[in-house]
Structures are given as C-alpha cells and as structure tokens.
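Q: Sequence:
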Amino acid sequence: MDGKTPNAYYSSFTAKELISCLKSHIESGVPTSDFLLMAILKADGAEEEIVKELLDDSEEEFTLYLMNILSDLNSDKAYSRYMEFILSDYPESIKELATERTCVIGNIKLNYRAFSVFRFTFFVFEYIAPY
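Residue 30 in our numbering sits at position 30 of the sequence shown; the count goes up by one each step and never skips.
No lab work stands behind these hints, which were simulated from the structure alone. One should not assume that every hint holds.
Said to hold, decoys possible - List of simulated lysine to any residue pairs, SDA-like, C-alpha gap at most 25 Å:
id: 1; residue 1: LYS4; residue 2: LYS23
id: 2; residue 1: LYS52; residue 2: GLY29
id: 3; residue 1: LYS95; residue 2: GLU84
id: 4; residue 1: LYS77; residue 2: GLU53
id: 5; residue 1: LYS52; residue 2: SER33
id: 6; residue 1: LYS16; residue 2: ASN68
id: 7; residue 1: LYS4; residue 2: GLY29
id: 8; residue 1: LYS52; residue 2: VAL30
id: 9; residue 1: LYS77; residue 2: CYS21
id: 10; residue 1: LYS16; residue 2: PHE35
id: 11; residue 1: LYS52; residue 2: SER71
id: 12; residue 1: LYS4; residue 2: GLU61
id: 13; residue 1: LYS42; residue 2: LEU87
id: 14; residue 1: LYS42; residue 2: ALA8
id: 15; residue 1: LYS23; residue 2: LEU73
id: 16; residue 1: LYS16; residue 2: ASP2
id: 17; residue 1: LYS16; residue 2: ALA43
id: 18; residue 1: LYS77; residue 2: SER58
id: 19; residue 1: LYS23; residue 2: GLU92
id: 20; residue 1: LYS23; residue 2: SER71
id: 21; residue 1: LYS42; residue 2: GLU92
id: 22; residue 1: LYS42; residue 2: GLU61
id: 23; residue 1: LYS23; residue 2: LEU64
id: 24; residue 1: LYS23; residue 2: ASN7
id: 25; residue 1: LYS42; residue 2: ILE26
id: 26; residue 1: LYS16; residue 2: GLU49
id: 27; residue 1: LYS16; residue 2: GLU47
id: 28; residue 1: LYS77; residue 2: TYR90
Said to hold, decoys possible - Cβ-Cβ distance ranges computed for the label pairs, FRET-style:
id: 29; residue 1: GLU96; residue 2: GLY3; range: 40 to 46 Å
id: 30; residue 1: LEU73; residue 2: THR99; range: 17 to 23 Å
id: 31; residue 1: ASP89; residue 2: TYR9; range: 34 to 40 Å
id: 32; residue 1: GLY3; residue 2: SER80; range: 43 to 49 Å
id: 33; residue 1: THR5; residue 2: GLU61; range: 25 to 31 Å
Bear in mind the structure is a predicted one, so any value in this text is a computation, not a measurement. No residue lacks a Cβ here, since even glycine has one placed at the ideal position from N, Cα and C.
Start from the sequences, fold in the hints, and give me the full structure.
A: As structure tokens, then:
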C-alpha cells in the first residue's frame, strides 16, 4: 500500500479497478476489506460499473456482493437483471436477494406514484373544487 492508509490507497482507483479488486479477493479467498467496500460505494461511476458486471455470469459470492452494494446505493438500475435472476436458472441465494430487491424497488416506485396521486388530488380539492 506504499505507506498509504487504506482509504487513501483505495481512493486512487477507479470504480472499475475497485470492482476488479473485489472480484480478485473473492476468487482468491482473501477476506474482503470494509475499506474496499466503502471505496466502491464512494467511487464515481460505481453504480454503472456494477450493473455492467452483473450482466456477466459471475461467481455467486461476487454477484451477491454486487447486489448488496447496489442495495446500499439505493439503486434501481439493475431491476431488469434482477428479474432475469428470478426467472432463470440461478442459485437460490441470488434469486432470493433479487426478489427482495425487486420488491423494495417496486415499493419505492409505487409509493412515489401514490404520493404523486395524493398530491394531485389534494391540489384539486384544495384549490380547484372550492370554486
């Protein structure tokens, strides 16, 4: 690490490099550092790189890490990929997490739509109906 702190060391990498490092750690059986995971969460373009990486059929543990990172980012960009995981032949752990994430994403979108309808209805009854 060239005498750098873990945060400084990982902050010098791109999102793609950090994700590659995560994959190498998992494939080699090296424990995954919280510093690495935090660096991925903070990296510019991490969300897009993770979604690209999810399109490849990777090792189960790596896929689960990526899905959990997207969850921490509150991302809905992999929604269609999650549906593929659910409907295709993938390990049960991936299907379960994909199901959980699609429910969360769907609920957020549903709540936003419900709020929008409520706000419109309130506007109509508050400002238009009295006249």
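Q: So, against the hints stated earlier in the document, which numbers end up violated here?
A: Hints 12, 13 and 21 contradicted; others consistent.
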